[in-house]
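Engineer: Heads up: the sequence lines are chains A and B, in that order. Just so we're on the same page, our numbering is the position in the first sequence counted from 1, plus 1296. Just so we're on the same page, our numbering is the position in the second sequence counted from 1, plus 1296.
Be aware that one or more of the hints could be misleading.
Taking lysine-lysine pairs in the PhoX-like style, the calculated list, with each CA pair at most 20 Å apart, reads [unchecked claim]:
| hint | chain 1 | residue 1 | chain 2 | residue 2 |
| --- | --- | --- | --- | --- |
| 1 | A | 1506 | B | 1506 |
| 2 | A | 1613 | A | 1633 |
| 3 | B | 1352 | B | 1506 |
| 4 | B | 1521 | B | 1610 |
| 5 | A | 1506 | A | 1352 |
| 6 | B | 1521 | B | 1401 |
| 7 | A | 1618 | A | 1676 |
| 8 | B | 1352 | A | 1521 |
| 9 | A | 1401 | A | 1521 |
| 10 | B | 1521 | A | 1521 |
| 11 | A | 1434 | A | 1450 |
| 12 | B | 1521 | A | 1506 |
Since the hints were made in silico from the structure, they are not lab data.
Protein chains: 2
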Amino acid sequence: MAGEELLLPTTTNSKGRGADKEEEAEEEEEEDQVVNPWEVSAKDGGRIDYDKLVDKFGCQRLDPALVRRVERLTNRPAHAFLRRGVFFAHRDFNEILDLYERGEKFYLYTGRGPSSEALHLGHLVPFMFTKYLQDAFKVPLVIQLTDDEKCMWKNLSVEESKRLARENAKDIIACGFDITRTFIFSDFSYVGGAFYENMVKVAKCVTFNKVVGIFGFTPEDHIGKISFPPVQAVPSFPSSFPHLFTGKDNLRCLIPCAIDQDPYFRMTRDVAPRIGYQKPSLIESIFFPALQGETGKMSASDPNSAIYVTDSSKDIKNKVNKYAFSGGQDSIENHRKYGANLEVDIPFKYLSFFLDDDDELEHIRKEYGAGRMLTGEVKKRLIEILSEMVERHRKARAAVTDEMVDTFMAVRPLPRMFG
Amino acid sequence: MAGEELLLPTTTNSKGRGADKEEEAEEEEEEDQVVNPWEVSAKDGGRIDYDKLVDKFGCQRLDPALVRRVERLTNRPAHAFLRRGVFFAHRDFNEILDLYERGEKFYLYTGRGPSSEALHLGHLVPFMFTKYLQDAFKVPLVIQLTDDEKCMWKNLSVEESKRLARENAKDIIACGFDITRTFIFSDFSYVGGAFYENMVKVAKCVTFNKVVGIFGFTPEDHIGKISFPPVQAVPSFPSSFPHLFTGKDNLRCLIPCAIDQDPYFRMTRDVAPRIGYQKPSLIESIFFPALQGETGKMSASDPNSAIYVTDSSKDIKNKVNKYAFSGGQDSIENHRKYGANLEVDIPFKYLSFFLDDDDELEHIRKEYGAGRMLTGEVKKRLIEILSEMVERHRKARAAVTDEMVDTFMAVRPLPRMFG
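Let the sequences and hints guide you as you build the complete structure.
Structural biologist: Pasting the structure below:
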């Protein structure tokens, strides 16, 4: 198994369990990096220090023993994202495994803010991983499309936000989710009833000062923003979905997401026991890097900072060759002598996400790192992998009919909820 | 017609139109009286100065000419609450009359926060007046029960708030609303869809600083409170009720309410044009005084401060005789000499609300004011009037079936929306 050092800097380990730190996190004043749902940036353009983040947020490192336990319980190899530390942190994921081992079930909750028509590869990461979890554990899944959030943050019209939500749903469905175990909803179409009741219950427990601490809101922010955190919180509670979980109010929830979403669920976990609910568990990923390198930002306004699922093979070839930041040396002589710097090399990082074959990846790591393989060769392999992946996605998306979207989004019981 | 001086102190008139003042109101710093949806109090326990309030809020005085115009247009005598200045202020009520005169229609919106099982007489005032408006103008009516608000402010459970909303709906229905023209809804059962979309549209336009200025929220308040104003705002917009008003997005809304609710609609009127909607019009009442006098407060924790619709005739007799603050003099001799002080006399004030016969009221005003009539006689007449009114309400409420409540609250088209 390729170790997590492939993606993550080696670490002096984090402080153990973080459950007790949920209250403290927002009071820290370290401003060397900012990670919240709307901003991910490190001081002086440096890289995100994930160890500090784990410490600050008070979550837990996902260690190799836990990965092996997942493999044993699901009787299948762990997903590459798990083997390689893409999903690197968690909150009480071990408790989810404990109950699964006892023969109990849980449900999955993930989501997306539908701010753009076309998804890029980074957007696919949580959905690819969630599909793996659904297949491996055979559990129901709810997917929230926060069209209300994007309407408020991006100043999109209600209609445009709803349209984007539906377009994004097609890309999500194309990831292969089981229609008999998956409920996709947009906030504009689903908020109400028990879901709204839970929003009110959560909102009652969180002061303005608290959301300022957690999310960095200011008094100049509009109250739509201040009202939003409960909307993202309540899918963590099964009673928000009476058509799915009536009488299963104690069902645990596992949330796969990128670690920038942690503040929402730190708040949720803080509130849950006060309103008689179980805390959701989390399994959290690092950020998918921009083509220009980990210190760059994938930006919707710069289409060359990311590979989109709508890119042609020619686009992909052009973007990788032209923009993918290389850790190779400036001359072939130096490269042969010093090897590539894999810590910063984007083609290799992308392969670590998407090249499933551990042996081949390890081979590239050794040969490229030792300078025996050149950047051009690695880029060529990456272009093959991404073109194939994007082409597969395009075909799958084209096969998603309006009827399928309607069914995934219908408020209905799930015929094969478990097993 | 008995003049409004019966209820309101004579005034040096208020500054004319207030429409332009909506923006300024919350920036004033006069702290001699506090009037907002959760607090009504004057400095040093004095009486509310309604002239100052009209000036501060920037609404308009409802003058006798406007009352006469209502009578002419509706071809019936104005309600006592209108003749006597109980409803004493407005915002653009004249525009509602303009369009009605042109043969156009509008709709009515009022509401109640269901915080207690039994309503008192003050609670009935807006509903009695709204029924008159519905009958006189033959227009549809939506009634909002803010069970979410009470759940958050009074710390009631969701279930208890919903139960109180339904109990209160029975009292409201007992006021005689036309089932073919009235939609009653509770927020917990109705928030969602187009209503929620409008909540988001409003919330986007209002900053935290703004709600601090309007409602006096603090950073220690929970975000449920901060999220609530849009919930009370959006019934002002017909598109929040697609089952009633599809294709009637330009329908004007008239809101009868006590003036403490003005801050919600000042905010609503400020936002409306920015999201492409019409501003709601308002017609606003003074506060119904406590038995102990206008400087006292009706308090749910002191059942002797108010007459409840559940009080027996014996209760009413006892409360009026024992607690109703008298403006009569301390001895019969002095009373005969100086007469009663009608400015502070609660039996007379209550009669001004509920004794419909103008001639009899005028007679009492003269005789009691001149000392020829004693407090005991006035109280006796009030006890008769209130006992009859409460008995009538009790019978009407007993006749309200669960099926009727279900129908009033059903999301349905209104069969006789207009005319």
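Engineer: Hint by hint, say whether it matches the structure.
Structural biologist: Okay, the hints, checked on the actual structure:
1. Under the criterion of a C-alpha separation no larger than 20 Å, the hint pairing residue 1506 of chain A with residue 1506 of chain B is consistent with the structure, at around 19 Å.
2. Taken as a hint, the residue 1613 of chain A and residue 1633 of chain A pair is broken in the structure, with Cα atoms around 28 Å apart against an allowance of 20 Å.
3. Between residue 1352 of chain B and residue 1506 of chain B, the direct Cα distance comes to roughly 16 Å. Compliance with the 20 Å bound is thereby established for this hinted pair.
4. For the proposed pair residue 1521 of chain B and residue 1610 of chain B, the alpha carbon gap of about 40 Å is over 20 Å, so the pair is violated.
5. The suggested pairing of residue 1506 of chain A with residue 1352 of chain A holds, with an alpha-carbon distance near 16 Å, which does not exceed 20 Å.
6. Annotation: proposed proximity of residue 1521 of chain B to residue 1401 of chain B is violated, straight-line Cα distance about 34 Å (limit 20 Å).
7. At most 20 Å may separate the alpha-carbon atoms for a hinted pair to count; residue 1618 of chain A and residue 1676 of chain A meet this at roughly 12 Å.
8. With a CA separation close to 29 Å, the supplied pair residue 1352 of chain B and residue 1521 of chain A exceeds the 20 Å bound.
9. Restraint check: the Cα-Cα separation between residue 1401 of chain A and residue 1521 of chain A comes to about 34 Å, which exceeds 20 Å; the hinted pair is violated.
10. A threshold of 20 Å between alpha carbons decides the hint, and for residue 1521 of chain B with residue 1521 of chain A the separation of about 14 Å falls inside it, so the pair holds.
11. Taking the CA atoms of residue 1434 of chain A and residue 1450 of chain A, the gap is near 36 Å; set against the 20 Å cutoff, the hint is violated.
12. Distance restraint check for residue 1521 of chain B and residue 1506 of chain A: the Cα-Cα separation of roughly 14 Å lies within the 20 Å cut-off, and the hinted pair is therefore satisfied.
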